[in-house]
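**Student:** Using the sequences and the hints given, assemble the complete structure.
For the protein sequence lines, the chains are A and B, in the order given. Counting along the first sequence from 1, when you hit position 474 you're at 482 in my numbering, and nothing is skipped either side. Counting along the second sequence from 1, when you hit position 174 you're at 182 in my numbering, and nothing is skipped either side.
Check the hints yourself; a few may be wrong.
Just so you know, same-sequence chains aren't split out, so a pair can sit in one copy or run between any two.
Unchecked claim - Listed below are the simulated DMTMM-like cross-link pairs for lysine to aspartate or glutamate, each with C-alpha atoms no more than 25 Å apart in a straight line:
| id | residue 1 | residue 2 |
| --- | --- | --- |
| 1 | K509 | D451 |
| 2 | K180 | D66 |
| 3 | K180 | D142 |
| 4 | K509 | E84 |
| 5 | K235 | D71 |
| 6 | K24 | D426 |
| 7 | K180 | D159 |
| 8 | K87 | D67 |
| 9 | K180 | D143 |
| 10 | K534 | D34 |
| 11 | K534 | D67 |
| 12 | K136 | E313 |
| 13 | K24 | D470 |
| 14 | K180 | D272 |
| 15 | K180 | D206 |
| 16 | K534 | D426 |
| 17 | K24 | E84 |
Don't read these hints as lab results, they were simulated from the structure. These numbers were taken from a predicted model, which means no experiment stands behind them.
What follows is the residue order along each chain.
Number of protein chains: 2
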Amino acid sequence: MDNSFRNMDSLPAHDKLRQAARQPFDLSSHEALEPTRLAGYIAHTASYRLLYSTQRVDDSTLDLLQELADQSGVIEQFKMMKQGEVMNHITGYASENRRVLHTACRDIFSAIPENPEATGQALRELDKLQNFLDDLEAGRLVNEQGENFTDLINIGIGGSDLGPRAVYLALKPFSRPNRRVSFISNIDPDDCAAVLKDLDLSRTLVAVVSKSGTTLETLTNEALVRKAFHGAGLEPSRHFVAVTGENSPMDNPDRYLRSFYMFDYISGRYSTSSMVGAVLLSFAIGSDNFRKFLEGANRIDRSAEERDIRKNVPLLLAVLGIWNRNFLNCETLAILPYSQALSRFVAHLQQCDMESNGKSINRRGGSLDYHTGPVIWGEPGTNGQHSFYQSLHQGTSVVPSEFIGFRRSQYGLDLIVDQTSSQEKLFANLLAQAIALATGAEDHNPNRSFPGNRPSSILLTDSLTPETMGELLAIYESKIAFQGFIWNINSFDQEGVQLGKLLADRLLNLMADSTHPDPVGRAFLKIASFRE
Amino acid sequence: MDNSFRNMDSLPAHDKLRQAARQPFDLSSHEALEPTRLAGYIAHTASYRLLYSTQRVDDSTLDLLQELADQSGVIEQFKMMKQGEVMNHITGYASENRRVLHTACRDIFSAIPENPEATGQALRELDKLQNFLDDLEAGRLVNEQGENFTDLINIGIGGSDLGPRAVYLALKPFSRPNRRVSFISNIDPDDCAAVLKDLDLSRTLVAVVSKSGTTLETLTNEALVRKAFHGAGLEPSRHFVAVTGENSPMDNPDRYLRSFYMFDYISGRYSTSSMVGAVLLSFAIGSDNFRKFLEGANRIDRSAEERDIRKNVPLLLAVLGIWNRNFLNCETLAILPYSQALSRFVAHLQQCDMESNGKSINRRGGSLDYHTGPVIWGEPGTNGQHSFYQSLHQGTSVVPSEFIGFRRSQYGLDLIVDQTSSQEKLFANLLAQAIALATGAEDHNPNRSFPGNRPSSILLTDSLTPETMGELLAIYESKIAFQGFIWNINSFDQEGVQLGKLLADRLLNLMADSTHPDPVGRAFLKIASFRE
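**Tutor:** Okay, structure coming up:
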């Protein structure tokens, strides 16, 4: 089946786009941003609208990007993915050979899910989780002193940390009273120490998250935390739950209150809406809110089947990204949420995008003659304006930007100063940056001149809630998958992390037993003075 | 005097380096990392060593980079800066026209400081701060109920937030009992709301930080926090201190317990060792520890005058960065601290570097034909390994990396699992990544092949303490200044942030009064549906 997958540069639209890229739309030209263009270049999906008049495209570019999307069969592949085809695969070589079904764990709202088996499994886990939460609520599950649990430590790394942490921080205002979550991820023992010193362990649950049940960092941190529980005279098996694959070494009722299951068809970076996110988020914000989060994500999964790029926000973001990366030669993408609640969302997207699409071979193992996933980076605005925006406006490299904004705040605390509220100031700054990057400004003083013509998009909705957070996550998950399909790469494996693991193991063996043969490793250890 | 400053591409070494860049050292070649090279490519400055055998340089490249440094007069310019020459300047055009003396506020340990006037001012402010801290300590300065203050909120943005916050997080284990600092920066009202809801305001001090006393975000957040104090029946003037320029609108004893002064010769992004960092850090970790921090920074400021790039860590980092950016055409730089305590240090460096060196004109207003500051990004390891490292190893763009590591942890909590401690695992992973990026690995499965030949450096010291944090900060501050001198740009202004501010003000005027003439702004506001 995947013999039909073609490299992007073999699609007829590719050469036309290269042609078009010789004279792309100039955002700094006189009246480039006239009202008709602004009003015409808006796409809607679910509760979001995407303003993209500040991208370097015109109608003919958009038509070509539509051709590219059509010729790549991106929507067909998206549907295949959701239905359970083996999309995590390299033909002709050993590969993970798995289905990709993160969408299934939120496909719980219609009578006929796209992949009934995976959705069935998701529903069973959600039921188990609901029982657990009910036991906590009813006081059937309490600590050694009969008290309720107030805290939960999530021990996980990468996909078992970044997405859940980003969403937890985003939805903190929706937290239930007396429910807090802390996170331990890094093998750095100081990460664990800093978290433990502020908690009353007697009232703390611990969720240990590892699909394989063998992740080095997670097991080591679990051992440290178990030791702290023992030190406090507490029995870990009364506090710890496992989030892991069925029958993994961690799937052990003697050591955990409960096991919630992860499945091999969801990779870590797409697992926020599975049990990986469900346990801690439901503990914190309640299962009703978590369900709304799933509902938002599912709304996007369904609407992202739209073929018209002008009516499909994630697909439009994907092809605009490809335009900037492959045709306008921009190496990075700044994601700039104007919301402090999204302070770690970019770190999650950095993982989700760069681990998915930082690849150099296609789905038959052939090397590619074009670039794939850019470097993803960014910080919330307006903070970033007082940091790296100097370089966005006047640096020598063009950095395309994706702004994310909300019309209303979460807490509703605000104040009118000089006739506008803080939220209005936040919002005005977002719009102003997109305009400034696009139009630039001339000045006789070269240090006060701005070249402009720097592309951006603005993704907007009313406010950041469980529903819109679910939508936002799924918009980016779909965007990333779409780009991978068009680039003809496998966005769902991560073989690039293996070599570092292998070499780290070798160095650790050397540390434990210096007779191991590894001259480079030994020389490095020596000059690093670790065990001179 | 600055007529002697020359563009980098007019220096004789430039063309030789371009020549050399046609066949740069190949890290993936057989035995590229042999022990003699590893041991030879180590530089020492203060307590740090820099391992750079994993950069794409050999002795002849290093000799050329030395020529480049010499020909640019980089060390002379560094000395001019420290002595108080006007280095923040564009000849022939209106510019800030200021001295650059962040080094002066830590030049307090020798009898004859390099700029006695600025150091004298720094010492006076440190004395004022010591009196304030003594009053807190002795119970002369207490809250309305006669209780000690336990918390401090720092309200500032950009340079008044990122550096102090990064250092506070890095040195948290050195905190005095019952002393905590929180930060409010973003104009997003949710930033303020989230901080306020967790604090007992009656025992909280507030430091408001703005050199001009007019920063939009900071004044707005101050107003929000003052309102919360009034709401709690507390008198703000008993809780608030100002960190601001002398005679700024904020320098007002009726509204603040104390004013600590900032001077126009220190820009925000270099202000961590001035009163901007001093107030909150001394409150948190005590003035003895803060003095050690200054001592570490001063140690680097003095040793960075060394002309030999092989004996000057910041200068070597600077020229290796220029090699990667201008000659090997790498657009970004990943900074990867293997220390959770440095979780926000990269965000600070992103500001310090990109706001300083994200410039396109030289110091006479001429445009440049070469690239300047790269995009700076990164997250702590090992976390990053489970996130974006896939792309570092197998992505289509080469990302040079700077690893930062410590031999010992801060808290000392650790556990031996499989014969090694967590700290050893952390350290082994750091080294393994540098080796893996350099050597790569071939495999018959193209998805398990690694091209290697990807450059990195490793910056190491024993542990993260006030002294070594001061050194680390100054290493990067000097590196950034060195690069600016060699690129012949003004690293000390930030005109690139002005256009966005101007346009935001215009939009806010429109929001307050819709009769203002601004068709683009009005159209944007309309489609963004803020006030439809």
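**Student:** Does the structure break any of the earlier hints, and which numbers would those be?
**Tutor:** 2, 4, 5, 6, 8, 12, 13, 14
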